[in-house]
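Chains A and B, in that order, give the protein sequences. Using this note's numbering, read the first sequence as starting at 1198 and increasing by one per residue. Using this note's numbering, read the second sequence as starting at 5 and increasing by one per residue.
None of these hints come from the bench; they were simulated from the model. Heads up, some of the hints might be wrong.
[Unchecked claim] Chain B stretches covered by chain A per the calculated footprint, using a threshold of three residues with CB under 8 Å from any CB of chain A:
| id | stretch |
| --- | --- |
| 1 | 13–21 |
| 2 | 68–76 |
[Unchecked claim] Listed below are the simulated PhoX-like cross-link pairs for lysine-lysine, each with C-alpha atoms no more than 25 Å apart in a straight line:
| id | chain 1 | residue 1 | chain 2 | residue 2 |
| --- | --- | --- | --- | --- |
| 3 | B | Lys-69 | A | Lys-1265 |
| 4 | A | Lys-1244 | A | Lys-1265 |
| 5 | A | Lys-1241 | B | Lys-47 |
Where is the CB? At the ideal position from N, CA and C, for every residue including glycine.
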Amino acid sequence: QSALTQPPSASGSPGQSVTISCTGTSSDVGGYNYVSWYQQHPGKAPKLMIYEVSKRPSGVPDRFSGSKSGNTASLTVSGLQAEDEADYYCSSYAGGKWVFGGGTRLTVL
Amino acid sequence: EVQMVESGGGLVQPGGSLRLSCAASGFTFSSYEMNWVRQAPGKGLEWVSYISPSGTTTYYADSVKGRFTISRDNAKNSLYLQMNSPRAEDTAVYYCVRDSMATDAFDIWGQGAMVTVSS
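Next up, chain A with everything else stripped away, as it sits in the complex (with noise of 0.2 Å):
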């Protein structure tokens, strides 16, 4: 069982948005401000797409944007595109440790 919360699946036709959640509690994603995406393609490592709830590393695509409020952060990717398919992880800085969300398989239809 995961530290944080996300649905299993996600699903979008190309073109569309699609927000895929994170829950968590006040000890990690509602008392910090260092919730933090990962995408992860099969067979690779994982890539950051998202850190401190909503700035994006230089090099990904502002289809991709985060939001927090209370003990939820949401990832929305807009736009979609074939190569969005992927598994998407939440993480949150926990007061010395870090907890990561049990993943998400984005399937564009």
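Given chain A, put chain B in place with the hints provided.
What follows is chain B alone, placed relative to chain A:
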């Protein structure tokens, strides 16, 4: 090019020991916090351990505390994970991961090293 390359993975018996190594290049290794993150086959990501730039501060997940030890050699640009008394549930790909400065996000990942704990 910024990269980390893990080595030392393989098959280890329950109760044995194994040391993973990670060679970093392309950045000032001694300035960065570093972590190990693992992924069991077909499962999600799990943070394992953290070490400060000087090596004086370390943190561990409860699942490995007392059995695993993280360390680093800044002169050799290397990170290590000593795995003692491994259990079957420690079977996973272990990633060496750089902590992005002051953001508590994992910005650079190695390719991973597979560790299988089995008799």
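What are the numbers of the hints that this structure violates, sorted from low to high? Numbers 1, 2 and 3 - these are the hints that the structure violates, sorted from lowest upward.
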